[in-house]
Structures are given as C-alpha cells and as structure tokens.
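Here the structure of chain P is known, so what remains is to put chain D in place on it, guided by the hints.
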Amino acid sequence: MVLPVEMTFLIDLLAFFGIYAIIALSLNLEFGYAGIPNFGKLLAVLGGAMFVGAIPGRVLAYLYGVMDNLDFIQYNPDIMGNVNKILSADIFSSAVILVASLILAALTGALLGVIASYPAIRLKEDYLAITLLAMAEILRTIGDNYSPLVGGTMGVDVVNPFKWVGGEYWILAATICILLTTALVFIYVESIGKSPLGRTLRAIRDDEAAAETYGKDVTKFRMKVLMVGSALAAVGGALASFYSGHMVSSAFDRVLYTFWPWVMVVIGGAANNLGVMLGVFVFVFLRKIIIFYKDVFNPYIPFDVNWLVYLLLGLALIIVLIYKPEGIIPEKPDKTLEQDRLKEIMKRIEAAPEE
Amino acid sequence: MIPPIFGRALVYASLLSMLSTGLTLTYMTTKVPNFAHANFATLGIYLTLVLSKVLHVNPYLGVGPAFLVGGVAALILYLLVLKPLLDRGANYIILMIATVAYDMILYSVINIIADSINRLYKISTKLFILQSFDFRIWGQPGLFLVAPAAAVLTVSALYLVLNKTKFGIAMRAAIENPSLASVVGINVNLTYAVSWFISGGLAGVAGALMPLRIMCNPDVGMRLIVSIFAASILGGLSSIYGAFIGGLLIGFAEILGTGYLSLAVGTWVVPYRPIIPLLMMAITLLFAPKGLTGIKWRIFRR
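Just so you know, the sequences run in chain order P and D. Read left to right, the first sequence gives residues 1 to 355 (my numbering). Read left to right, the second sequence gives residues 1 to 302 (my numbering).
Next up, chain D with everything else stripped away, as it sits in the complex:
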C-alpha cells in the first residue's frame, strides 16, 4: 500500500511541476517572470468547484475547460498587457510590474467569484477540499494516477512539439534568437502567444485537479507562487525539463519534509511549510544560480 502522505506528495509534486514548466516556458520566450502564474491555477480551482458543487458533474470534465480558461487568461496578459508594453520598448522590470498588476486583477476576480458563489448557492468557497468527488482505482484515489500521468503527458507532449513539429522548431528558434527567427519568416509574435496560451492552460489544468486532494482557498495562489518560482529557479529558468524536475523536487521536499519533520519534532512545524521551498531557492541562488541545468554534471563523473 502507498502511505497517504506519499500519495499527497506525488499529487502536489506533479501539479507543481506542471506549473513550473509553464512558468519557465513563458520566461524563456518573453523573458519576464510571470507573477500572475499561480492565479491562472486558482481560476481552474474555482472552475472545478462550480462543476462539482453547482452543476453536479464529474470534476474531471473540467480539465478541458480549465485549459481554455487558464490559456485565455494568459493570452490576455500577453496580447493586451505585455505586447503593447514590449512594442513601446518597456524594459523587463516594467513588464514584471504589469504582471503583478494583472495578478491583482485575477486575485480580485477570483475573490468576487468565490464570494458570489458563496452568496448565491450557499456553498463554502473558502478552505474547501473536494476529495469525495474523486473516483477510486485499485482502492486508491484516482488522482494518484491522474496527476502524475498529466505531468508526464505535459512534459512529453512539450518535448514532441518542440522537437518533432515544424511549429515547435520555429518556437525554439524564436526563443534562441527572435530577430534572426523573424528574418527567416517565423512569426515570432505568434509563437510567443502560443507559448503563453500553453503555459496558462497547463496552470489551469493543474488548478482544476488541485482541490481533489489539496485544501484550497482564494489566496492559495499567493503561497503557491513562492513554490512555483522556487521550482523554476531550481530548474534554471531556461529549460522546461529542468523546471519539470525542479517542480517534482520542491513538491516532494515540501510535503515529505513537513510530514516527516512533524513526526519527528511535533505538528507545530506544519504551518512553516513555505520555508522549505524558500530555503531550497536561496541555496540554489547562492551556489548554483543557473539551477540544476546550469551545473556542469560532467565534473562529478570520472
């Protein structure tokens, strides 16, 4: 049997790796850390809540719409906020402030949705968990299978798209050298917009699956963003595979770390969970600022 804590860690780590992969994808294209990324996921969370509690359908049906909702939210950020700023020659600090402002808008929208659902349908929209809506497979919650599968599917699909399709190769060219790519006829703007759509969509899916195993609240994004950045920085912010590994590492470290520490020293350590990703991030920045993918692994091999 899988111990429940391991299952929870597997789910969290998988979802986190989807989030950090998406964040890194947009960082690679637009070169701006997106502070609104976690709240794309929160939109997915509330979509799942509406599906399961208001419309009474299987929450897994929300995965597709959540991809769309997250993707569109990200596309709006790119096309209506970042693109106009880039066209006016704004530097990346201004872009960063714009993503913070957009995060504020999303956070307000999420709270407005949460309060309205609460008022109109009389269901709890704060500190909720939808475990009972999950199906069971081999006596285990279905999410134990679905979350890792979704994460693996994400990274392998991205690998295939980026390496085997013409569009993906164009995208990589646009990432490597935008001006040269546009000279050879690649529509750089389109590839960037697609990367934002994919990034937001993945976040939306991760969010849609989250309430099936993890306690959710309108401000879940505020804490999640720290873990997402930690995972992306651990992965080096320059490779989606690095971000995937970073997400898994941070996710497992957070859940298993607090789990086993609370067994060893007492449950008072549980609320201090965010310190784990922060410490891992600080150590990465101090000793290997380019992340796992930046370390020259060859020197360890004799």
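With the rest of the complex left out, here is chain P:
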C-alpha cells in the first residue's frame, strides 16, 4: 500500500504541525504565562527523543529475546528490524509501548528540566536563560559522542508502534496519534492558563515582588512550570522520534528546536495559545514550502537557501519585537466572574453572620 504524493505532503505538514505545536505550547506556558526565557527548549525535546531511541527498543529486544547477546548499537538495524516485525503482529503491545514511552519520556523531560534549571532557578531570569542554553548544548554533546546511548553520530532505529496498520499507512496512523496528543496538550495548557495557577504565573511574570508579597513562592512556581513545560516538550521530541523512525541526536539542534519555537510563540502571540497555534501553522507551512522549492533556488545561489530563510526569520522576529511585541493574536485579559454572580457573592458575604 503506497500513499499518493499529495497525501504524504499533507501528512508531513500535519505531523510537523502537531510536533511543533506541542513544543511551542510548552514554551508558551514557560515564557508566555510565567515569563521564563527558556533558551534551552532543545534540552527537553532532545531528552524525550533520546529516551525513545534508547529505551523502548532495548526493552522490547530483551522481552522478545532477539538480542542474542549482540551489542544493541552495533547490530541495531537487525535487532530493531526483528523487534518491529514481531511488534507489527501485536496491536496491544504496540499501544502499551507507545503510551508507556510517551509517559516515561515526559518524566525524563521533567527530570532534565529540574536538573538543568536547578543551579540558576533562584537567580534572575537571565542567569536561568544562560544556564538552560548551556545545558541543552551539553546534552547534545553527550548525544553526539556517547554512542552506547543513542548510537552517537550514526543514530539508532526506533520502535515502530504503528507498523500493524500495514504498508505506508503507518505514517498516517502516527500523524493521527500526534494530532490527538496535540489536542490533549492544547486542552491541558489552556486549562492551566485559565486556572488559579495560570493567574499566579501571570502575576509572577508581571510583578515578581508583588506575587511574593501575596505569599506565592516564586521559585517553587518557576520550578513547577519548567517541569511541566519540559515534560510536554519531551513528549513532542518523543513523537518526532517515533515519526521519523530513526533517532540521531545531530538532527536536533538549537536552530530547529529552540529558535523556531521562539519565533512561533513570539510572532504568534505569547500567552495566547490560539495565537501560538497560528504561529506554528504559519511557520511549519513556510518551512514545508521552502523544503519543497529548495531545489528550484539552489542552482542560482552559491549557498544553501535555508540560511537566507533563517536570516529573514531573525529579521522578522526583531521587527515583531519592536513594532508588534504582542504578536499576531495578543494576550486576552483574564475573564472575571459575571456581574450578577459577583453581586450574588457580595450579598452572601454581607448576609453571613459576623464572627
């Protein structure tokens, strides 16, 4: 079963939309709501992707007994070929391994978020930003060089929990799974934004001292947000890993998984999840178009056309920051209770017997 070309274009667009939406929404929670400048978004994304590359394959190979005392990295294509063949006949195990991997990847991301932010979480935001950026670079260095983890520069094949669908249609199933996860993440971050926690985060963002005066433990809230944000981003990374079928840490760099999400969030509209989704859609579409027409431009210019795009993206980001810092869809003021409901509560307070 082979997919038509138009369909693969659309599927790829939707899959990357989903993956980037998850990552950008997590960044929006950290930056848009809580004001934490996470310049190390790559860290959690890579953490999630590495988890999916390193653990589920090993566990299944061990359970199915296809390891045969072979080195997991050296004989990776053979071992993973066998694992995926057995797994394709077993829908139940496929579902279990998918869900378990996503949950554990989220935990890995949360842990990385805590470790990376720990040295600077009590300091000013710029120290935190520098530390997170540096930590992300370190994880990449480890991923590139420590080959027992995810095969270093060669990478590893990833478990394919959609193989039971059959033929090339597994990629459609994977995309549907990504979009469902995106929908869940959207509902989750939206409900956080509307909850008392969301209001606390915005209070911390707008005036740290005032929030502290009202008894909010700023450090604790920041840590919590970075944990949740990193967990979500790790899910995004894990899904990217499942979708590509092969995990190599050099495919995850600061440009793709820190800079792009920042562009999406800031231009889309920080602290507004719908705006962020719009930003994600615009830039994923743009990226897809560029990849599609890349070969048309390349013979005429002596460099990779991607660099021109990155240059224009940087320029666009600066122009938006100067002239429209609230983004395409600005943050909405928080909805308070309705007038009637407020009056009712006032009445009840007045009617209450004084103590």
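Just so you know, these hints were derived from the structure itself, not from any lab. Among these hints, one or two may not hold up.
[Said to hold, decoys possible] Derived coverage of chain P by chain D (criterion: at least 3 residues anywhere in the stretch with Cβ under 8 Å from a Cβ of chain D; other residues may be distant):
no.	stretch
1	123 to 129
2	142 to 155
3	320 to 328
Every value quoted in this text rests on a predicted model; they were computed, and no experiment measured them. Beta carbons: idealized from backbone N, C-alpha and C, even for Gly.
Okay, now just chain D, sitting in the frame of chain P:
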C-alpha cells in the same frame, strides 16, 4: 621549552578573556546578556580566512579590520535593535530574545559567507586551521606571544580609559546611575554605544586571531558562547577585571583539563570538553552567584 598544550591553553584563555571582558562590558551598560557575542568573533574568523587564503596577505593585518567589523556588528545590534526596544520600554527578557534573533541573523550571514567563499574560491571553509600562516618567534608560534599580549593590552587599555579619561569616567557614571548621569549632562546613549562598539571590536579581534591556532567552523560560536558566559559569570558579570580573570580560568581549565584527563583516562574525554565550563558555571551559580568579584575575600585573610 613550552609544551604545546600549554601554548594552546594560553592562546585560548587569552582570547576567551577578551571575549568575556567585552560581554561583561555590555552587560554592565545595557544590563542584557548578549547571546550574539560569540558570533562577532566568528565574523573575525572568516575575515582572517579571506585575508590569508583569498587575498594572500599576512593574517595579522586583519586585526584592525576585524575590530571594525565586530564593532560595527555590535553597534548595529545596539542602535537598530536594542535602542528602539529600550525606547519602547521593553523589559530585559525581550532584549535577550532580540539578541538571540540577531545571533540567528549573524549565524546565517556567516554560513552564507562560508558557503559562498567555498563555492567561489574552492577553499575549505569548514573545520579549518591556519597555523601555517603564523610567524615564528624564538622557535615558538607568534600567537603564543600575540594572544596574551592582546589580552593584557585590552584589559590595561580599558583600565586606563575607564579611570584616567574624562569619557571613561562619564561611562562609569552612566553605568552606575544612568538617570543621574544624564542629569549632569553625560550623553548616556553615546557612552553605551561606545561600550557596544568596543565590546564587538574586542570580540572581532579575538576571532581574527583564533584560526591561527584553533580549529574553526561556522558553528564555532554556538559552543564558544557557553564558555564566554561561563567565564563572565565566574567573573561576576559586574566587573571587567573579574571577567578577564574568569576568561583565563575557564580557558586554562578547558584545555589543560581535557588535555591531562585524556592522558589519564583516554582520548574519549576530548569531545566532552564543553562540560568543564558548564560545571564551573553551575558551581559558581550555586555557591557564589555573584562570581569571583562577589566573594568576600577578606574573611579568608586573618
């Protein structure tokens, strides 16, 4: 004889201290960590490459133009990006994002330059080193003398300017208290712009000298920025002398640390070099967040 590893460490530490001094200078004035700082140096690196491989002249002639190129790149960042944002009352997180965006622009420009030179002149612009273009003095590479001299010259010139000239004193006043400084007639904006120009210029010079001893690549700035921040944080981000010492410490620790560790446990440790500045930075942040200059040294003196 100086062992080669010591020479390499001396060169790297000197160049790093020039970079962290410049970064700290702009942090002191504008209060924003400049994430684009390392790529000012990368511009200098490619200037040296063009001079020595395309124009076939002595790469040391590039020091002056590199100061200009780095300085202008920094001045553009300040005047066209940060100043308009400051005038609109943007907070420093927005300024930080703007420097990241500017870094992206510089990184793209550098890659475009590297690819174009490669395509047009058929010379390697990735993973190159220009050791053979260096002169020799007393049987040693000239850079072993030039790099430390440049670093010492930098910090002493800054000391003289900031303490002995009217403009430098005005600059320090503008750093201490911008509003009061402008009340007494100091052009705060001008002093800030000059600090950005000097900062970028120093980075450009450090970059221009770098390929004479260190392997360079278009993405060298991506890793260098971690070391520069580590050095600046170790120095406390509030004193250029602290940043100078921080740069020396981080530079020596990185090269000598990986060098001697690789002798002891094997060469596999070499790629993990960036972990050293990161660990030093994390320890500084945990135990002395104000850096070396923030520690009350008097309590150790009896």
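Problem set entry | Given coverage of the stretch 123 to 129 of chain P by chain D, checked by CB-CB distance under 8 Å (3 or more) | holds (count 5)
Exercise. Does the stretch 320 to 328 of chain P contain three or more residues whose Cβ lies closer than 8 Å to a Cβ of chain D?
Worked result: holds (count 3)
Problem set entry | Coverage of the stretch 142 to 155 of chain P by chain D (three or more Cβ within 8 Å) | holds (count 3)
The structure fails none of the hints (numbered hints given earlier).
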